[in-house]
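Add chains U, X and F to chain G, keeping to what the hints say.
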Amino acid sequence: MAVQILEIIIFPGFLFLTVFAMIAEYLDRILYARFQNRKGPPWFQPFADFIKLVAKEDIVPECANPFVFKLMPILALASVITASFYIPMWDNKALFSFEGDIIVIVYLLTIPTISFFLGGWYSRSLYATIGAMRNLTQLFAYEVPLFLAILSPAILAHTWSLSEMTVFFNNHLWLLPFNIIGFAVALIALLGKLEKVPFDIPEAETEIVAGSFTEYSGRLLAFFRMAIDIEMVVGASLVAAVFLPFGLGLNPVLGFILYILKVVFVIFLLALLRSVFARLRIEQMMDFCWKYLAPAAFLQIVVCVILKGVLL
Amino acid sequence: MQRPGKMISEVLKHVGKTPATTNYPFEKAEMPEHFRGKLQFLPHRCKGCMLCTKDCPSEAIKIKKVGDKKFEAEIDLDRCIYCGQCVESCFIQALVMTTDFELAALNREDLKMTINEKNSPKPPAEEE
Amino acid sequence: MANEEAIKKELEEKFDFLKDKIIIPRERRLFTEPVEIEDFLKAIEYAASKMDFDILTTITGLDEGESIVAIYHLARKDGTMLNLKSKTPKENPVMKTISNLFNGAVFYERELVDMLGVQMEGLPEGKRYPLPDDWPEGQYPLRKEWKREMLDAKP
Amino acid sequence: MSKLTIPIGPQHPALKEPECFIITVDGERICEANMRLGYNHRGIEKRCEEITYIQSAYLIERVCGICSHSHSTAFIQAVEEIAGLEVPKRGLYIRTLFGELERIHSHLLWLGVAGHEIGFDTLLMYSWRDREIVMDILAMVSGNRVNYGMNSIGGVKRDISPEQADAILKAMDDLEERTKYYIELGLQETTLIKRLSGAGSISYEDATRLGAVGPTARASKVDQDVRRDDPYAAYAELEFNVITDDHNDVYGRTLVRLGELMESYKLVRQLIKNMPDGPIRKKGPRKIPAGEAISRYEAPRGEDVHYVKANGTDKAFRVKVRAPTLANLSAVSKMLEGDYLADVPIVIAAIDPCFSCTDRMAVRNIRGGATEMHNPGSLRNFSIDWYRRRGIDFTDLNKKLMKRLERV
Chain G
1 MAVQILEIII FPGFLFLTVF AMIAEYLDRI LYARFQNRKG PPWFQPFADF IKLVAKEDIV
61 PECANPFVFK LMPILALASV ITASFYIPMW DNKALFSFEG DIIVIVYLLT IPTISFFLGG
121 WYSRSLYATI GAMRNLTQLF AYEVPLFLAI LSPAILAHTW SLSEMTVFFN NHLWLLPFNI
181 IGFAVALIAL LGKLEKVPFD IPEAETEIVA GSFTEYSGRL LAFFRMAIDI EMVVGASLVA
241 AVFLPFGLGL NPVLGFILYI LKVVFVIFLL ALLRSVFARL RIEQMMDFCW KYLAPAAFLQ
301 IVVCVILKGV LL
Chain U
313 MQRPGKMISE VLKHVGKTPA TTNYPFEKAE MPEHFRGKLQ FLPHRCKGCM LCTKDCPSEA
373 IKIKKVGDKK FEAEIDLDRC IYCGQCVESC FIQALVMTTD FELAALNRED LKMTINEKNS
433 PKPPAEEE
Chain X
441 MANEEAIKKE LEEKFDFLKD KIIIPRERRL FTEPVEIEDF LKAIEYAASK MDFDILTTIT
501 GLDEGESIVA IYHLARKDGT MLNLKSKTPK ENPVMKTISN LFNGAVFYER ELVDMLGVQM
561 EGLPEGKRYP LPDDWPEGQY PLRKEWKREM LDAKP
Chain F
596 MSKLTIPIGP QHPALKEPEC FIITVDGERI CEANMRLGYN HRGIEKRCEE ITYIQSAYLI
656 ERVCGICSHS HSTAFIQAVE EIAGLEVPKR GLYIRTLFGE LERIHSHLLW LGVAGHEIGF
716 DTLLMYSWRD REIVMDILAM VSGNRVNYGM NSIGGVKRDI SPEQADAILK AMDDLEERTK
776 YYIELGLQET TLIKRLSGAG SISYEDATRL GAVGPTARAS KVDQDVRRDD PYAAYAELEF
836 NVITDDHNDV YGRTLVRLGE LMESYKLVRQ LIKNMPDGPI RKKGPRKIPA GEAISRYEAP
896 RGEDVHYVKA NGTDKAFRVK VRAPTLANLS AVSKMLEGDY LADVPIVIAA IDPCFSCTDR
956 MAVRNIRGGA TEMHNPGSLR NFSIDWYRRR GIDFTDLNKK LMKRLERV
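Chains as they are written, first to last, in this note's numbering: chain G, 1 to 312; chain U, 313 to 440; chain X, 441 to 595; chain F, 596 to 1003.
One chain only, chain G, in its complex shape (with noise of 0.2 angstroms):
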């Protein structure tokens, strides 16, 4: 019990991935500032940012519901590490793992979501409104593609828990480049959960200031990037396990680096994407998302259970 409570605070739990969120928030903006020819940020900086947030005054809207207000950015905060704990990282095993476990991790991945659109629906201001509207928009055009995208392996390896699909794809390996398809719609998917170029729509700062979080200030907001950056490395940390799940369980450190190295692909290639792309309206995100993309996952679906049929 108290080396659980241990794991969860301390390694791979809350402090891990803190740290590795404030490093991954500083890899990817060094990335984009480096494909933009800058020189980009110290490494310091996401720390820098976070102290300084946090020892700001927090400043609550008068019209705003100050409990809804200030509980948001400590679920989001929460939901994200929740959802960690169930990701297989370095291991075939994730800290907890139960037949089924996909769904919460999903589930969870989208509370954050929630949490930006209550938070800025709460704060009553017009910009914050329409972002927390076009927060919510935008949920129902990726959630559908990335619940899909992940489902389609699950299929193939015939289990709800991410841990036993790491185990089943580590003893299948050559079954892995068929996910191609999946592995491109969650990383799409992936950066409209994140609310980065292209599908930055909610937060769109030439339009709507700051969008849900246009209110936000001091610790709450701090919470609500920390959220963010969490979301970041658990998403990768999620695309990776679904995806690349190569070379977890032969060796702790082995596995650990791997583990890094595939997130810091995830994160180059979210970077990447986002710096080649132009935002787009949230009609034709809806478009794209439902023309394009979740008709893709379906192909991956499709591909699957061909698979499973002919081969398996």
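What the hints contain is simulated information worked out from the structure, not anything from laboratory work. Virtual Cβ for every residue (Gly too), placed ideally from N, Cα, C. A couple of the hints might just be wrong.
[Stated by the list, open to error] Distance condition first, Cα-Cα at most 16 angstroms in a straight line; then the derived EDC-like pairs of lysine to aspartate or glutamate: (1) U:K430 <-> U:E384; (2) F:K775 <-> U:E322; (3) X:K459 <-> X:E473; (4) X:K525 <-> X:E577; (5) F:K611 <-> G:E205; (6) X:K584 <-> X:E504; (7) G:K39 <-> U:E339; (8) G:K39 <-> F:D716; (9) X:K567 <-> F:E627; (10) X:K525 <-> X:E467; (11) X:K584 <-> F:E644.
[Said to hold, decoys possible] Listed next, with one range per pair, are the computed distances between beta-carbon atoms: (12) G:E62 <-> U:K340: 41 to 51 angstroms; (13) U:K325 <-> F:I987: 46 to 56 angstroms; (14) F:N976 <-> U:G328: 29 to 39 angstroms; (15) G:P41 <-> F:T600: 33 to 43 angstroms.
Chains U, X and F alone, transformed into the frame defined by chain G:
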């Protein structure tokens, strides 16, 4: 022909290149030779014609008589718009512009300069 | 200069009040002397509809002492500019809008209203431009007697 | 969802200058767009009546930072016309050269801003990096990156040496290559085309009716360009094409500006090649005889008009500035109607608005506010107090900081 992600190759090419931006306060920026920066007054040349005071668009420069054929200039750097009109108007080159551009100060008073024979650079020997 | 002479001739033939009041300072430029507002409206309508002067570049308001003069700078595609002037007494400056002729004229006319205190008849409702909402009434900055100190004076 | 009224401005991340657009939206669609202008009053026109022509030239130059050469040239052309000054040929060529270099830097700046407004920051970074090439050229020749101070009544102040001319030609080659890449990008990148086409549509009829100017009008097939129609400076002796486009939308405006960049490189090369020898200026008089003149100038954003009336003294009787943005603003409300909220920033940015140009006008506000004045020192003390009340003491840290500052 349209294709998404047209920039990918260009962007990837730039990963290895040296960044175009510099770490400014730590790496000093070089200004071109004829940059219009901080004003410098050469009191030994001034004849006190006051044309610079008259033509200055922002009333940033005042010339005071401090003795027989001796003048001192009061230059308000926070009023100065660095247009170079005074240098233009001065037909004896008693005013020159330097390439010094880092003029920020915490206090307005720090930006007021009084230049006279005592605190100005010694006139170069080749003069007159 | 034949082109400009032709414009001058056409306007002078059409409108008696413009006789000998058109000056051609250089190529592609025509200035008129100020005329009364009713006459002016006839002239500008004719110039806009019959002579292809369909670009209103801007309107300049001038305080000429006795009267307030507005110069309407009209331009044509070939680069010719016709500067028609209208005048109104300074004690009671009233002008008529030309926003029915040129839709883009509204901003320029609001400028006349704010800066020179002209009453513009027929100007569509809207926010004032360019002075702030709490600008003291009866102060028109572009009039010659206006000085900055007047802003500080207690009403 | 009911209708919402959203203020875009006076302070808003999409606008680089204060101006207020009041947008009524139904969901994401815009039903109505109004605007309130005039936040940028500095009293330039009135001030010009109080200072001499020499001083006015600098004040007029500071109407706007980006198109400073446009304004000062337009003003000085009007003054020269009244005074009957014949500017030496070389002076005119250098003036024109600066006008074109300014157009290049302004259009590259616009490209970056447009990229930023549609969330394409990579385009912003690249085009602004490339803009540095032309900024360096401008700084090298004139001594500053903006507000060049090149114009004076009767000519220009600084000559161009052969080495500088070579540097300019080399820079043009680099820029041309980059611009070709941006044109290719504009024709191929899907997200860019998707975001830009259809936004801020305005027909040929509306554009002429509302008096749009510059690239905004030219993207709606309005074939007007003062450089060709009413040639000034050296333009009568130069060969160039007027770029028009029939997309009618922001995409068209982008293509027009990119096309104009290519034309500008051509013009700069011609100017350097054909630059005559001789003096660059003629001494202008301090007192200008009575008279009036109107001068037109094709600024990067459109037609810039200056009217000057002189009364024989060394001060102008009346100076009137009509910046291109004011002419284009009437068209903006028309463009916005029926568009998406997401398109507001790019539609406003697409006319390349310059509100400080627009609001240059009449009064310098000298009323001091009743608010507390803080200088950096007292502000720092205030923040230390604020934190001490919450149990965090920065006094020691602050002392260390002050010591460091003193040492510097």
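Given the hint of 33 to 43 angstroms, is the C-beta distance from P41 of chain G to T600 of chain F inside that range or not? holds, 38 angstroms
Check the hint pairing K525 of chain X with E467 of chain X against an upper bound of 16 angstroms on the C-alpha distance. violated, 19 angstroms
Is the Cα-Cα distance between K430 of chain U and E384 of chain U 16 angstroms or less? holds, 10 angstroms
Compare the distance between the alpha carbons of K525 of chain X and E577 of chain X with 16 angstroms, and conclude whether the hinted pair is satisfied. Distance ~27 angstroms between K525 of chain X and E577 of chain X Cα, so the pair is violated.
Cβ distance range 41 to 51 angstroms for E62 of chain G and K340 of chain U, holds or violated: holds, 48 angstroms
Given the hint that K39 of chain G pairs with D716 of chain F, test it: the Cα-Cα distance must not exceed 16 angstroms. holds, 15 angstroms
Quickly compare the C-alpha distance for K39 of chain G and E339 of chain U to 16 angstroms and report which way the hint goes. With a Cα-Cα distance of about 13 angstroms, the restraint between K39 of chain G and E339 of chain U holds, given a limit of 16 angstroms.
Straight-line alpha-carbon gap K459 of chain X to E473 of chain X, limit 16 angstroms: Roughly 10 angstroms separates the two Cα atoms, so the pair holds.
C-beta pair N976 of chain F, G328 of chain U: status relative to the range 29 to 39 angstroms that was hinted: Because 48 angstroms falls outside the window, the suggested range is violated.
K584 of chain X paired with E504 of chain X [C-alpha distance capped at 16 angstroms]: holds, 8 angstroms
Hint consistency between K611 of chain F and E205 of chain G [alpha-carbon to alpha-carbon, up to 16 angstroms]: Answer holds: K611 of chain F to E205 of chain G is near 13 angstroms, not above 16 angstroms.
Check whether the Cα positions of K775 of chain F and E322 of chain U lie no farther apart than 16 angstroms. Given that 16 angstroms is the threshold and the Cα spacing comes to 14 angstroms, the pair holds.
The structure does not agree with the numbered hints 4, 10, 14 stated previously, though it agrees with the rest.
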